[in-house]
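Going line by line, the protein sequences match chains A and B. Numbering of the first sequence is given in our numbering, commencing with residue 1443 and proceeding in unit increments. Numbering of the second sequence is given in our numbering, commencing with residue 39 and proceeding in unit increments.
Just so you know, the hints here were simulated from the structure itself, not pulled from any lab data. Heads up, some of the hints might be wrong.
Stated by the list, open to error - The calculated DSSO-like cross-link candidates involving lysine-lysine, where the alpha carbons are at most 30 Å apart (straight line), are:
id, chain 1, residue 1, chain 2, residue 2
1, A, K1838, A, K1694
2, A, K1534, B, K47
3, A, K1731, B, K51
4, A, K1930, A, K1683
5, A, K1705, A, K1857
6, A, K1724, A, K1475
7, B, K48, A, K1534
8, B, K130, B, K51
9, A, K1588, A, K1447
10, A, K1838, A, K1683
11, A, K1833, A, K1724
12, A, K1833, A, K1731
13, A, K1724, A, K1683
14, B, K48, A, K1676
15, B, K48, A, K1930
16, A, K1480, A, K1857
17, A, K1504, B, K51
18, A, K1731, B, K130
19, A, K1857, B, K130
20, A, K1857, B, K51
21, A, K1694, A, K1676
22, A, K1497, B, K130
23, A, K1497, A, K1528
24, A, K1780, A, K1588
25, B, K47, B, K130
26, A, K1705, A, K1838
27, A, K1480, B, K47
Said to hold, decoys possible - Every beta carbon over 12 Å from chain B, so not counted as near; a handful from chain A, in silico:
id, residue
28, Y1635
29, F1673
30, P1743
31, P1779
32, R1801
33, R1825
What the hints assert, rightly or not - To spell it out: a stretch of chain A is covered by chain B in this simulated footprint if at least three of its residues, at any positions, have a beta carbon under 8 Å from a beta carbon of chain B; those stretches are:
id, segment
34, 1474-1481
35, 1586-1593
36, 1614-1621
37, 1640-1654
38, 1748-1756
39, 1859-1873
40, 1877-1884
Every residue, glycine too, gets a C-beta built ideally from N, C-alpha and C.
Chain residues, written in single-letter form:
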Amino acid sequence: MYHTKSVTELSAMLQAGEVSSVELTRYFLDRIKNSDEKLNSFITVCEEQALAQAKECDERLKAGNAPALTGVPVAHKDIFCTDGVKTSCASKMLDNFISPYDATVVTNMRAAGVVMLGKTNMDEFAMGSSNETSYYGAVKNPWNLKAVPGGSSGGSAAAVAARLAPAATGTDTGGSIRQPAAFCGITGIKPTYGRVSRFGMIAFASSLDQAGPMGQSASDCALLLNAMAGFDEKDSTSIEKAVPDYSADLDKPLDGLRIGLPKEYFAHAEGGMNAEVEAIIKTALDQYKAMGAELVEIELPNSALSVPVYYVVAPAECSTNLSRFDGVRYGYRCEDPKDLNDLYTRSRGEAFGEEVQRRIMVGTYALSSGYYDAYYLKAQQLRQLISDDFKNAYEKVDVIMAPATPETAFNIGEKSDDPISMYLSDIYTIAVNLAGIPAMSIPVGFSDGMPVGMQIIGNHFEEARLLNVAHKYQQQTDWHTTLPEEFK
Amino acid sequence: MSIEVDEVKKIAKLACLNVDDADIQSYATNLSNILDLVAQMDAVDTTGVTPMSHPFDVVQRLREDVVTDLDRREDFQAIAPAVEDGLYLVPKVLE
């Protein structure tokens, strides 16, 4: 039925009047109602608003000239502020927060005609790689309900993989779109830093955060990114640069494409890629070769430092950003505070989860008097070197391919007591955020029944090229249209 | 790098976090492990490297100093934990 259709197909059906937005929206709301108990992928389902929006969309479709996505139901990660709808960021701190405004991503997508089905589950304040830090409980992976969906955009990934929503939005600070996309067998793209507005997206690490689409295919992601991207004067780091039509070059042939393979990522190091994942990635690379691409070994000598650098920069910025949650203006307030300091410290101590508190403390320490040079300054210097590595690589190659994760989805509870091993699950995705470049993850096979994702990394503003490279592969393979047994 | 219990208490105070005594030891252990991970940064000499402040060579965009937002005080006060007469209420600061 409708859940086996891509956004591209659904949009064509809506435009042709073969289905109404109300019918489609009801269909997906029913799917959520019937199946989400197994997954816990939604925090809030917006039945009433969604149906009202769908009705409006049907009128726009009837009137003609409705934009391409008009009437397509989509889910938003609960990090995006949505006017009049609870925006929790999966934290007890914002459990009672009804946002008084929309994030620019939400506004843009609404203008493009998208219907909002609801808000998806995530790691608390996007801090996590397994969706286990959510105040609303862990999300399950549709391919194996004992496994994590990845994080932090785990709810969006699980919902799309199980086709409870045709597509969803996500955010990526250190891999939070690409790692869950890989674990759940869907396609997700993290655009260039500044390409999509951060206004109304609850901030975690401002110099790394970037929003992007999570969907069934590269062609769907292209359509969604067309709606999401663009300059926004409400975001001081938004880039004033015209947005190309990301769907225009999807079919461009790949003859002569130079694909860089970072030798550090393919080295057989401890904690590196597992053998089966590596074999699957190599098969995908062979397919690219058959399509006319050339494989070139490259070096990213400073990539091993990405994780340490990230765990200075991200916590430092998080400790600053999360200082706004004070129990005074919105969000959680403790009972009977005895003085102002008690109000601050108890509200924050009671409402932030353990991982969030840990990162606030690491960041506070790194930024505290006397430590700035040794931590934040040093990290920003190394960040420059990591960024330069990519710059040098792109003089020799057009895109870089790499695993998205060292292994397939791990089990719930497997890493939750060991922050370091959790952090290392993002070892291949973090460098991209530090350099501010775009990257995506596409499904390239299964290992023991669990999806394997491959990363395609591009130079600044090369989103169209990445989507083209991914689309050509997806035209020859059906990994991206394979559904988990329980959600067929 | 090892972080002691007293240091965790100091950091928590700076971060305005009320941490239960029972949890302090586990924070101390985890923070020490994280700082050990971070210490790998010291392996590379970064003398003379300009710290990265932005992925691109851009200057901070500025705008005219004009009113751009509407007055929405009532909407914002409606979601606050405690308000009165348009003010946010907190425990008494002065006796």
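Against the structure, the hints:
At roughly 20 Å between alpha-carbon atoms, K1838(A) and K1694(A) fall within 30 Å of each other, so this suggested pair holds. Taking the CA atoms of K1534(A) and K47(B), the gap is about 23 Å. The hint holds against a cut of 30 Å. For the proposed pair K1731(A) and K51(B), the alpha carbon gap of about 57 Å is over 30 Å, so the pair is violated. About 41 Å separates the Cα atoms of K1930(A) and K1683(A), which puts this hinted pair outside 30 Å; it is violated.
With a C-alpha separation of about 27 Å, the suggested pairing of K1705(A) with K1857(A) holds against the 30 Å cut-off. Under the criterion of a C-alpha separation no larger than 30 Å, the hint pairing K1724(A) with K1475(A) is inconsistent with the structure, at around 40 Å. Under the criterion of a C-alpha separation no larger than 30 Å, the hint pairing K48(B) with K1534(A) is consistent with the structure, at around 25 Å. A threshold of 30 Å between alpha carbons decides the hint, and for K130(B) with K51(B) the separation of about 21 Å falls inside it, so the pair holds.
With a C-alpha separation of about 27 Å, the suggested pairing of K1588(A) with K1447(A) holds against the 30 Å cut-off. Taking the CA atoms of K1838(A) and K1683(A), the gap is about 25 Å. The hint holds against a cut of 30 Å. Restraint check for K1833(A) and K1724(A): the C-alpha separation of about 25 Å stays at or below 30 Å, so the hint holds. Between K1833(A) and K1731(A) the CA atoms are separated by roughly 24 Å; this keeps the pair inside 30 Å, and the hint holds.
Between K1724(A) and K1683(A) the CA atoms are separated by roughly 36 Å; this puts the pair beyond 30 Å, and the hint is violated. Taking the CA atoms of K48(B) and K1676(A), the gap is about 37 Å. The hint is violated against a cut of 30 Å. Straight-line distance between C-alpha atoms of K48(B) and K1930(A) comes to about 53 Å, which puts the hinted pair past the 30 Å bound. Only pairs whose Cα atoms come within 30 Å are accepted, and K1480(A) paired with K1857(A) is accepted, the gap being roughly 21 Å.
For the suggested pair K1504(A) and K51(B), the alpha carbons sit about 60 Å apart, so the restraint of at most 30 Å is broken. Under the criterion of a C-alpha separation no larger than 30 Å, the hint pairing K1731(A) with K130(B) is inconsistent with the structure, at around 71 Å. As the CA atoms of K1857(A) and K130(B) are separated by approximately 44 Å, the hinted pair breaks the 30 Å bound. For the hint pairing K1857(A) with K51(B), the CA-to-CA distance comes to about 29 Å; that is within 30 Å, so the pair holds.
A threshold of 30 Å between alpha carbons decides the hint, and for K1694(A) with K1676(A) the separation of about 35 Å lies outside it, so the pair is violated. Distance check on the hinted pair: K1497(A) and K130(B) sit about 51 Å apart at the alpha-carbon level, beyond 30 Å; violated. Simply put, K1497(A) and K1528(A) have alpha-carbon atoms about 22 Å apart, close enough for the 30 Å limit, and the pair holds. A C-alpha spacing of about 44 Å is found between K1780(A) and K1588(A), which places the hinted pair above 30 Å, so the restraint is violated.
Straight-line distance between C-alpha atoms of K47(B) and K130(B) comes to about 26 Å, which keeps the hinted pair within the 30 Å bound. With a C-alpha separation of about 14 Å, the suggested pair K1705(A) and K1838(A) falls inside the 30 Å cut-off, and the hint holds. Of the pairs offered as hints, the one joining K1480(A) and K47(B) is violated, with about 40 Å between alpha carbons and a cut-off of 30 Å exceeded. Non-interface status of Y1635(A) relative to chain B is broken: a Cβ of that chain comes within 12 Å, the nearest being about 5 Å off.
Remark: the non-interface label on F1673(A) conflicts with the geometry, its nearest Cβ contact in chain B lying 10 Å away (cut-off 12 Å). The non-interface label for P1743(A) is inconsistent with chain B: the shortest C-beta to C-beta separation is roughly 9 Å, within 12 Å. Distance check for P1779(A) against chain B: the nearest CB is about 5 Å away, which does not clear 12 Å, and the non-interface claim fails. The claim that R1801(A) is not at the interface with chain B is violated, since a C-beta of that chain comes within 12 Å of its own (minimum 9 Å).
With a least beta-carbon separation of about 4 Å from chain B, R1825(A) fails to lie farther than 12 Å from that chain, contradicting its non-interface assignment. For the segment 1474-1481 of chain A, the stated coverage by chain B is violated: 0 residues have a C-beta nearer than 8 Å to a C-beta of that chain, whereas at least 3 were required. Counting residues of the segment 1586-1593 of chain A whose beta carbon lies closer than 8 Å to any beta carbon of chain B gives 0, which falls below the threshold of three, so the coverage claim is violated. Against chain B, the segment 1614-1621 of chain A contributes 0 residues with a C-beta closer than 8 Å to a partner C-beta. That does not satisfy the three-residue criterion, and the hint is violated.
Closer than 8 Å: that is the beta-carbon criterion, and the segment 1640-1654 of chain A has 1 residues meeting it against chain B, so the requirement of 3 is violated. Counting residues of the segment 1748-1756 of chain A whose C-beta lies closer than 8 Å to any C-beta of chain B gives 5; at least three are required, and the coverage claim holds. Taking a C-beta to C-beta cut-off of 8 Å, the segment 1859-1873 of chain A contributes 3 residues in contact with chain B, enough for the three needed, and the coverage statement holds. Counting residues of the segment 1877-1884 of chain A whose CB falls under 8 Å from any CB of chain B gives 3; the rule of at least 3 is met.
Checked against the numbered hints given earlier, this structure breaks hints 3, 4, 6, 13, 14, 15, 17, 18, 19, 21, 22, 24, 27, 28, 29, 30, 31, 32, 33, 34, 35, 36 and 37; the rest are met.
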